Each structure stands twice: as structure tokens, then as C-alpha cells.
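Please model the complete structure; the sequences and the hints are all you need to start from.
There are 2 protein chains.
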Amino acid sequence: MKREKEKIKIIPLGGINEIGKNLTAFEYKEDIIVIDCGLKFPDEDMFGIDIVIPDISYLIKNKDKVKGIFLTHAHEDHIGALPYVLKQLNVPVYGTKLTLGIVETKLKEHGLLSSVELIRINPKDIIKLDSMSVEFIKTNHSIADSVAIAIHTPIGVVIHTGDFKVDYTPIDGEIIDLARFAELGKKGVLMLLADSTNVERPGYTMSESTVGKTFENIFSTAKGRILVATFASNIHRLQQIITAAAKHNRKVAVSGRSMENIVTVALELGYLEFEKETLISVDAINKYPPENVVIITTGSQGEPMSALSRISNNDHKKISIIPGDLVIISASPIPGNEKLISKVINQLFKKGAEVIYESLADVHVSGHACQEELKLMHALVKPKYFMPVHGEYRHLKQHAELAIKMGLPQNNVIIVDNGDIIEVSKDTLRKNGSVTSGNVFVDGLGVGDVGNIVLRDRKHLSQDGILTVVVTIEKESSSVIAGPDLISRGFVYVRESEDLMEQAKEIVKQVLKECEDKGITDWATLKSKIKDGLRVYLYEKTKRKPMILPIIMEI
Amino acid sequence: MKREKEKIKIIPLGGINEIGKNLTAFEYKEDIIVIDCGLKFPDEDMFGIDIVIPDISYLIKNKDKVKGIFLTHAHEDHIGALPYVLKQLNVPVYGTKLTLGIVETKLKEHGLLSSVELIRINPKDIIKLDSMSVEFIKTNHSIADSVAIAIHTPIGVVIHTGDFKVDYTPIDGEIIDLARFAELGKKGVLMLLADSTNVERPGYTMSESTVGKTFENIFSTAKGRILVATFASNIHRLQQIITAAAKHNRKVAVSGRSMENIVTVALELGYLEFEKETLISVDAINKYPPENVVIITTGSQGEPMSALSRISNNDHKKISIIPGDLVIISASPIPGNEKLISKVINQLFKKGAEVIYESLADVHVSGHACQEELKLMHALVKPKYFMPVHGEYRHLKQHAELAIKMGLPQNNVIIVDNGDIIEVSKDTLRKNGSVTSGNVFVDGLGVGDVGNIVLRDRKHLSQDGILTVVVTIEKESSSVIAGPDLISRGFVYVRESEDLMEQAKEIVKQVLKECEDKGITDWATLKSKIKDGLRVYLYEKTKRKPMILPIIMEI
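Residue numbers (the UniProt record's numbering), protein chains in the order written: chain A, 1 to 555; chain B, 1 to 555.
None of these hints come from the bench; they were simulated from the model. Fair warning: this is a prediction, and the values are worked out from it, not measured in the lab. Be aware that one or more of the hints could be misleading.
Any copy, or any two copies together, can satisfy a pair, since identical chains are not distinguished.
Pairs of lysine to aspartate or glutamate residues, derived as EDC-like cross-links and limited to a Cα-Cα distance of at most 20 Å, are as follows [claimed, not checked]: (1) LYS541 / ASP130; (2) LYS459 / ASP45; (3) LYS545 / ASP449; (4) LYS350 / GLU18; (5) LYS475 / ASP485; (6) LYS251 / ASP522; (7) LYS543 / GLU516; (8) LYS459 / ASP50; (9) LYS343 / GLU502; (10) LYS213 / ASP64; (11) LYS186 / GLU44; (12) LYS339 / GLU44; (13) LYS509 / ASP522; (14) LYS87 / ASP64; (15) LYS343 / GLU200; (16) LYS475 / GLU554; (17) LYS475 / ASP64; (18) LYS509 / GLU554; (19) LYS343 / GLU44; (20) LYS541 / GLU338.
Here it is as C-alpha cells:
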């Protein structure tokens, strides 16, 4: 086979036209590697769904080719689907120390730890597979130990940035490995896939260390307790909080399950540094005067079951707000969470706390590259082809335009969808068909057993409730033995709507009588007549459309 | 009675600790006046609710005292509850020309126009009631013809700003009447109630005319059609779009019911000025080349049924996107709408349109005063007492702090809740009890017939659906004649869960048998045993909690 005709297939199964659920397959000859394996949190119209994971039918069909899952970092939208995917596809998982530390905790919870091979890598490591090799490149992001991935094949190098920003003063001192990106760029990079999350923002993302300065300012003047809510996984943020606390003679307690887990892992692996006695148990906070206490909690997104939300509602077992508390919400609202966060802020203010949040002070920075950082990446890597990833269509489109403005020919930039097969050769880039892809819903213990019909029903039920009509009919004579009984839930107050329900019952009786008179014993027809009669009547009287569920008991 | 003991009662029935539903009662001796009568759009946990209006039990109880409803401006959160409130409380409604023009359209739709007395007022007008008089003061806001209200009583003047901003270069040339606020302030104002919406934002809100400059820039270079989505009621915005269009030889078509209504009213009343032939029908847009067309539409909040949303989904009868279209979303997302708007933007980009929105260009300004404007208002009015209104608790709290920073003693500032009775005398300010207040839900034709139980049921149904269990039992013998039948909706795919449903049926059969054996004929007990048995089993198997509805047919 001629080299010229050889192709790399890139198949994103998540993370395109959406925020989250990141998973991309790279296929070359007999090897498939998977970059990331993330979940997505449900949209508001996915009623009752806990999480959403990618459909990996394609990988299962090509099981034997899949050589491993390569993780860029330990955020849920990059590792959260692992427990579900690994049950169907047991392949080695590659990641940096902290990434695997957090993955371990997750697999332990799902009883999977002993059955999965976890392979720890370091930035600069290169894993050799049959037909390609996989290189890890240090990046900066809002979680420590993030990497980009370069895939080396005989026909060229493909770079996937993962989530990244450029931080010249990172907390761990390790700047994104710009030199390596430049070196690869100089040698020639066939294709770049890059993070599009912040492409709408001009300029640069501020350094994580600027947040530390804000903490320092706040901590130096605060008189009472300080509570800081942030993302559990942002270990550098935690480090800065703890450093500021220690400097101002404050002990630190940690609240919230995910926060406790991450702190444990980060401590074990050496990602947090402080004097042992700085950390105290939540049970001990009342032993210290308020001015010597900092509490780090989960709940920066206003999640109703989180520690901060419970604290704000006086619903936390061990922590309640005392007037004079200062609460810092060290995060930005993820779109859709604004109202939840606002609710928590209002409650905290009502309880007598001061609350500082992003619109009032610089208590948060993003983990994603803004326009100038993206341009830097493009300028260093100088890829032949470019495919924007990690974003909704608006982000992908604008990232594509940014690449074109920087000199790439329009035909060398491709905007794709999940499931598309993108074929790259030395001198061609094109879509060539697609594979099965989409959302798999996890609801309780069920994975994929809730589909569109169930969701449509839940939506319908949520709007106008349900009216159940039951009648017992004698098979032979079609005559009504018992009922009709009408029972509603989520429709109207029955007590205030007796007339309505009585009249509805009369309508059902009429339908039943007609059917009996006509000798109709086809229950499907009868049910549909009951539905129609009730639907028209109820809509006329209430302008509502409850689900109508006729049940016929035959004796 | 001595003057010193005389009191004004201020009773907010909406607009406190919430955005929307503004309605405040002012009571002095035998007069009650009501300022504004607004609705609120439902929170996401108010399943199936169309709109939320204030509980006005207190006003109905004191019907004879209520002298009128005084409107500050024609936004839905200030006039939207009128059709419902006026049905229970037919009092005169006072408002400026445009405000009443828009109210008329609304009352016409509800068949109420002929039965309500609408009294048109102008800024500077004073309406004399028995014990007080009501003065209107010109303000600026994101709708024309907005006013603040000053209530003159023998014990002092109370000013309610309504929604306002300070615009030194407004489109209609009429700056907020700062002189009158200053004059009243100089004479002495007993109490100020002021808009808190933007209290978290430092600086000044930009003038509406800055948006016109952005339009001018965009229109002067655009090559294809231009679509602008904005709030229908922002007539100055519409004027600026039309002016820019006319200047660049573009015809203007209007799409969306509320937009068409408002344009009609504004034209009739002289609030929009342009050459007649500028306006064309939506049916005529294809007669003109793309570079000569502007379409103004509703849907700037991504509302699923709005014109822009339909256009973005190829679901609009008369308008579809053609590549090269430029869409301007001239609005900010109202918290909670971010995802809906993002969906529309993504769809528009996919269809080949360019999309400009707030984060990319200055295509919107707020209608509310930022910190410096609020300080100006406080400095001019110099009230003895202050009560922040129009905002969530966080906003009220920060507005209170702003007033204190400006010199008001802490005890002269009061943060209240809806339903509180605030008593103001010449030298006292205090809460003294409360009246009934709260949310009345409008769902279809029902006003107030959906309460917390119905909402709780809808929420439950939306999460895990419903499992109905029906059984026909012979009364005498307690023996089962037909069933049990299990029917689920929104719970699981029945086809994929046959075992689960079979097993569930077995559990019901066991319960029935036990009850028959024990001779239990108390159906309530039987139902509760069925519920318990199924709940435990289903949760164990699925970690879900569907609503369980056992129905027993007795023959």
C-alpha cells in the first residue's frame, strides 16, 4: 500500500456541538486509541436523568483494535464515563499521576479498580503502539497534571490539546510545554484539534496566581470565619486557599464528599503542601475562634445537595452560618446554573454572611485559553489541517474562523459533528461517512434504558400531569361492571375541581354506553375514544393537556 | 389624632426577593394606592405553570379603600397581572400614553377593555385623592414613557423610582427629570423606594444611543439581510434599528406577535417615526434584494415558540435563513435563558448566518441604573428613610449598604419581604406584622387552582414517571376478579424491562393474597401495602422512585 493513500481516521463520539462528554477515537491501520472518556450533565429537558455518556457502539464493534484510553486530565467531562465504558470495553487507561489518582477513587466506588489496568505516564513520555505512538505534552488548566496528546503516525503528527490555557505563573511552577509544541510545529504537524471553550473571549485568561492575590487581600482583612466554595478538582485553587489561610493563622476544614476525596488523593500524591496541623476536621471548627477558621466546601454551582447549599439552608449537620461569616464563591456559573447559585447567595446573605462572588471580586479565573492564547497555539503548531473541538457549534465556527484568519486555507479547516468519520491523509482532509453516536442516559442503575419515549412522557407529565381512567367491563356483554373511576395526579386540585371531574366522568360514561350499544369490544378503539372525548373536553375547560391513561379491566 | 402618630403603610405584595411580579400598596388613612401590577415568569421548578401573579387577598379585603393602580411603565413585570387583578378589583388604572396603549392591547385580548377605566397621565401631573396626591416624574428606562411616582401625604413625601436609569442622550430627547427629584429632595423626602436590579454593577449604564452607533457601524458594512431580535417593548431600540435601516436603504419587516402589536401601538401613538414606505410586510421581503432588507423579530431570549427560534429551526412560515444573513441579538440573557439562547445561536450559525450578540459587540444596554446612577438618585432625593425594591435579597442587601455608605443611619434603612407591613411616620420606620402574600399560579385557564401539591406531583412525575397498578376485587370475598395490571409511563421502556414488570406484578399478587388471607377489606391499607412493596423492590432494582398509583375497583 502506498503511503500517500494511507489515512488516519478521527471519530469524535462526544464533545462536538456540546460542552462535555468528550471522547475522540483515532484510528490508524489496526490501532484505535481513545482520547478522554467524559460525561455530560443533563439538559433541563432530560427529566430525571443523572448523567449522559457517549454511545460507544463503534468502539465495541472494533474492540480488538482499541489499544487504550488516554486521558488528558481528571475533570468529569473527560473521565466521568470511564466506569460505564470500561464495563463494556476493558482496555488500559493511561494518565498522569493525579489524573489516575482521581480515576482510582472513581473506579473504587464502582467496584472496578481491580479489573482495570491503569498505566501512569509523565509529560514527555511516549507510548509506542503497533502503528503509532502517543506522546504526552504538559499543559496548564484548572486542574493539575493536565496534558495534551500528540499522536505520531508514519503519515504525520496529530495533536489534540485537551483543555488548556497558557499560565506563565502557574502554582506548581510548570508552564505549558510551549517549546515542545513549537518543536513539533517546526518539524511539521499534520493536524491540530484544539479546545474552543473560550474562543469568544478576546485577550488572555488570567493566571491562576492572580486569584491567590485576591485571597491574600481578602484573608488579610477578614474578621470572622471564611468559607470558600470552589471546584473540588482545582487543586491549585485549594493550595492557594490553604496557603493564604496558614499565613493568616487560620486552620482549614474541608466539607463535601468530592472535596474530601480529592484532598485525600492530592495529599497522598503530594499535590498539596502545607503544615500537617493546618488541616482540621469539620467537627473541630468550633474549637477555634472564628478568625482562625477557613472552611473549603463544594457547591460553587449552587447544586442543591452540595455542602454550601445545605449550609445556606441551615440543613448541614456540622456547619451553620454565623453572622460575620464571609463566604467566597470562587467559581463562575456554568450556563444553566445561574439561578441555583443566586438562590444560595440570597440565603447566605439572609443568614447574615457577607458573600463575595465573581462579579464583585477576582475570585476566579477560567481554565481555558482565550483568543490570544489560541492564536499562540496555532502559531506554534502551524498545523496543515485544523479541527476545532470542545464547544458548541458557535464556538467551533468561531475557532475555525480564527484559524482561517491566521492563514489556514478554508479547505484545510473542518467543522464536524459527533459520529463523523474524518479521514486525514498527507494531503487530504475530508468527512467520509459516520458511525453510531449520541447520548446514553444514566438514570439510577439504568444505563441506556431511558430513551426518547420515556423522556417525552416525563416531559408531558411534568407539564399537566396525568388523568387515569379505569373501568371494569364484562367481556361477553361489553357491559360496565365497575367504574369508570377517574384519578388525577399533577393536573388539578381535585377538591376545587369536583365539577370538572364529574363532567369528565359523564363523558367517559357516554363513550362507554355508545360502545356498548354498538357492541364494540375492541378495547384499543374504546380507549382511543375515551382519550379523544376527554382531551377535547379538558382542553376546552382548562386549556391544559394532561396525559390521559385509559385502563380497561376485562372480566 | 395627632400628626406625629399618623402613619403611611407600605405593603409590597411582589417584587421583593424576586425579579418580577412588582406590586406595592401604599395606604394612608382611607386611601390605598397600588403601584404596578406585574407578573413573573415561572421558575424551572414550577412545572407547567404559564405565569405567576401576586396574591392580592389584602387588596380585595380592603376593596373600598383602593383608589387606583398607578403604572410606572409597560413591561410585563409591571403590568402583566392587570387582566387577572382587574377581574377581582375593578379600579381605575393610571399610566402614561404609551403605557396605557400597551395595556389596552392586553385588556382587549382578555375582553376587559370596555369595563376598565384607563386614565392617561403625563409626567408632572398630580392626581389628588382624599388623603394624598400622586405625582408622576419622568424617568429613563428600556421602554419609552416610564415614570417614577411621588406620593404626597400630610406627613411627608414617599418616592418610588420604578425601574429607571439615567440617560443623558435618550432617543426621545427627554432626560429623566433630575431637577424634580432634586427639588423634592431639597424640600425633604420622607422615604425612597428604589430599583435595585443593577446594584451589583459599578459605574454607569451606557446610554441607549450607544447601541444606535453599533447598529450604524454594522449596517454600513453588512452585505446581506439583517435580522435583529430584541425586546418588543424597547421602542427606542426599534426606532434606532429603523433609522439605521432607512439610512442604508433597507426596508424593515416585523415578525412575532408581540412585536407586531407594539409596533402598531407605537405607530398609532406617535412613538415611532419613519417614512411610511420603510415598513414592509413580511410577505414582501423576498421582493427586495437581501442588502435592502431588515427583519425585526421577537425571540431575543431564545423562547422556543418565538419568531427567531422558529426561524433558526426552519420552522417559520415566511422567513428562513439564507447564507449571508446577519443576525443581531440585541439583548442580554435573562438569568435562566442562557441555554435557550445558545441553542438558537448555534442553529443560526449552522444555517449559514453570521450572528452578533452581546459578548461580541455593544448591541445592548441595560435599562437599569448601575451604582453611580443609584448614588445620584440617593444624593438628589436625600430621603430620611430608604427601602430597596425590585431585586433578590442579594440586591436589596447591597442597595441597603450603598445607602448606608452614603450617610443614612442603619436604622433608617429597611429590608423587607413581600407581605410585610412597613409603617412610616414622620420619625419612625418599622415593620408591623404582615398580610397574606405569595405566588398565584396561572396555568391555562386556571388561576390559582394549581398549588403546591399539584406542583410536587408534577415534579415527582417528571423525575421517574408513574406506575399505575389496577386490580378488580370482589367486595364480599376480597378475592381478585381481574388484574393486577401494571401500566407505567415515563418510568422504564417496558419492552426492555419485562422481567422487572413481571416481578413487580408478582409482588402485588403476593400482597393481594396476604390481604385476602387475612381478610383485609380496608382498601386504604391494601393500597399502602402495594405501594410499600413496590417502592422497595423498584428502588432496589433501579434506584428510581416512580410515583406508584394503586387503584382498586370494587364489584
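Results for each hint:
1. LYS541 / ASP130: neither (70 Å within a copy, 43 Å between copies)
2. LYS459 / ASP45: This pair counts as both: shortest intra-copy Cα distance 7 Å, inter-copy 13 Å.
3. LYS545 / ASP449: Cα proximity of LYS545 and ASP449: across copies only (15 Å, versus 27 Å in one copy).
4. LYS350 / GLU18: between (36 Å within a copy, 14 Å between copies)
5. LYS475 / ASP485: both (18 Å within a copy, 16 Å between copies)
6. LYS251 / ASP522: Close neither inside one copy (74 Å) nor across copies (60 Å); limit 20 Å.
7. LYS543 / GLU516: neither (30 Å within a copy, 43 Å between copies)
8. LYS459 / ASP50: both (16 Å within a copy, 15 Å between copies)
9. LYS343 / GLU502: This pair counts as neither: shortest intra-copy Cα distance 41 Å, inter-copy 44 Å.
10. LYS213 / ASP64: Neither. Shortest intra-copy (51 Å) and inter-copy (61 Å) distances fail the 20 Å Cα cut-off.
11. LYS186 / GLU44: neither (46 Å within a copy, 52 Å between copies)
12. LYS339 / GLU44: both (13 Å within a copy, 9 Å between copies)
13. LYS509 / ASP522: within (17 Å within a copy, 27 Å between copies)
14. LYS87 / ASP64: within (15 Å within a copy, 72 Å between copies)
15. LYS343 / GLU200: between (28 Å within a copy, 16 Å between copies)
16. LYS475 / GLU554: both (6 Å within a copy, 17 Å between copies)
17. LYS475 / ASP64: Cα proximity of LYS475 and ASP64: none, with 57 Å in one copy and 63 Å across.
18. LYS509 / GLU554: both (16 Å within a copy, 17 Å between copies)
19. LYS343 / GLU44: Close inside one copy (18 Å) and across copies (13 Å); limit 20 Å.
20. LYS541 / GLU338: For LYS541 and GLU338, the Cα distance exceeds 20 Å both inside one copy (37 Å) and across copies (35 Å).
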